[in-house]
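Heads up: the sequence shown at position 152 corresponds to 151 in numbering that gives the first Met the number 0, and the numbers run straight through without jumps.
These aren't lab readings, by the way, just hints derived from the structure by calculation. Just so we're clear, the structure is a prediction, and the values are computed from it rather than from any experiment. Be aware that a few hints might be false.
What the hints assert, rightly or not - With a Cα cut of at most 25 Å, we get these calculated SDA-like pairs of lysine to any residue: (1) 323 to 446; (2) 137 to 111; (3) 435 to 255; (4) 223 to 96.
Stated by the list, open to error - Label-pair ranges, simulated between beta-carbon atoms: (5) 224 to 115: 20 to 26 Å; (6) 213 to 28: 32 to 38 Å; (7) 371 to 197: 31 to 37 Å.
Ideal Cβ placement from N, Cα and C applies to all residues, glycine included.
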Amino acid sequence: MRNILSPLALAASIAAASAPVTAQAQGGKDTVAYTIVADLTSEVGQRLGGTAREAYARDWAVKRLTALGLTNPHIEPYTMPGWERGAESATLLGAAEQKLAITALGNSGATPASGIKAPMVYFASFDALKAAPDAAVKGKIVFIDNAMRAAQDGAGYGPYGDARRAGPSLAASKGAAAVLIRSIGTDHNRDPHTGFTGWDKGVTPIAAAAVSAPDADLIALRAKKGVVEQVALTLTPRFTGNVQSGNVVAELPGRDRSLPPILVGCHLDSWDLATGAIDDGAGCAIVTAAALQAVKDGQLLRTIRVLWAGAEERGGFGGAAYAKAHAKEPHALAMESDSGAGRVWRVNIAMGAADKALGDNIAARLSDMGVVRGENKAEGGEDVGSIAAEQKIAVIDMTQDMTHYFDIHHTPDDTLDKIDPAELQQNVDTWAAVLKIAGNAPTIAPQG
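Input sequences plus hints: build the corresponding full structure.
Laid out in structure tokens, this is it:
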């Protein structure tokens, strides 16, 4: 049965849920957003996609969204391939023996339980591995080096991340015994960064792990001196067959239910190394609190649909499942928060020319809040990008300050203490401003 509240009950529940935001305009630890992420990280913890912890998180999410007054919070299940981490260790052998700080990449293959020992071959970049003949790789442990640099918009993550996303598959196709990569991050501590890797059709997965930045520096220094490393490596993750994941979906109904909704998305799952505060507990907190704040003075014209997607980290399964399940249902606008809790500093608006005035109105309101206008193109992210691309709907990207985001992204250090409550609330305020304007727009032109 649909959990539909009367207009009066809905207004009362929204007012109650939004009251702390109004009372703490400067951003405190009792705001709706901070409370969501604090409770998610402390009551649920890590929630790897396709595991029992993620299932627990979905049930938790339904209860929390219900308590916040959203309509019909429910789980939309789907099936995905399962994977779980095992033992992981690596040691440089020889006169200068050194244990490395490593972590398996998501979807990594495994070594035997007893591990392997093999010579390491060093590549300064993913492109260098591409250019290498198979004979230089066969039977060896490949190391891919490429040091990501910090940027306000996180722009380096795409190109640098190719070493993680595609490097292991390429190495395996050349006959490598295993792969180690420099962590895709901008920190200088010994916390390795995990993350998803994919395997091309016909390629058998091999052991693949990320090495912390200082350890990668050591390997690079020794490689420049002509040292050929011998490495002992043990990685025992396992593929667990088809498992269940799911999305959590809820709404704040608009006055005109015939109008296509605005979709705001985040992902509920996290990697298993930490509690997923910035990735992406903060995003779920932002989109939900912003939706509530946008309607605290009354219903908008359009419905806001909140999507807490599952299994994003394992390969974007939740976003793809949502697009499939809702393919025949028109959407008006998609937005996603999955870049931590840093301040919003730029907005990119991709909207049809017929509604240029709407985009200009949104940009003007955000300019008053210190947010600059960027490009007239936006894509969303893994959670809303599929439905946005398939329906060619309007997309708004709220660019956060990511200068330090990749210091802790996908590491054991992704914990609640990294979130600044005031910066989190600035996200909520800017998002709410956009949702209030767009949510009252009678038309939102698709990108075309």
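- Query: Is 20 to 26 Å a correct range for the gap between the Cβ atoms of residue 224 and residue 115?
  - Reply: At roughly 25 Å between Cβ atoms, residue 115 and residue 224 fall inside 20 to 26 Å, so the hint holds.
- Query: Lying within 32 to 38 Å: is that true of the beta-carbon distance residue 213 to residue 28?
  - Reply: holds, 34 Å
- Message: residue 323 and residue 446 were given as a pair; does the straight-line alpha-carbon distance stay at or below 25 Å?
- Response: holds, 20 Å
- Could you grab the alpha-carbon distance between residue 223 and residue 96 and see if it respects the 25 Å cut-off? Holds. Residue 223 to residue 96 sits at ~17 Å (cutoff 25 Å).
- Task: Take the C-beta atom of residue 371 and the C-beta atom of residue 197, compute their distance, and say whether it sits inside 31 to 37 Å.
- Result: For residue 371 and residue 197 the Cβ distance comes to about 35 Å; the hint holds.
- 25 Å Cα cutoff - pair residue 435, residue 255: OK: residue 435 and residue 255 at ~15 Å, within 25 Å.
- Do the alpha carbons of residue 137 and residue 111 lie within 25 Å of each other, as the hint requires? holds, 18 Å
The structure agrees with every numbered hint stated previously.
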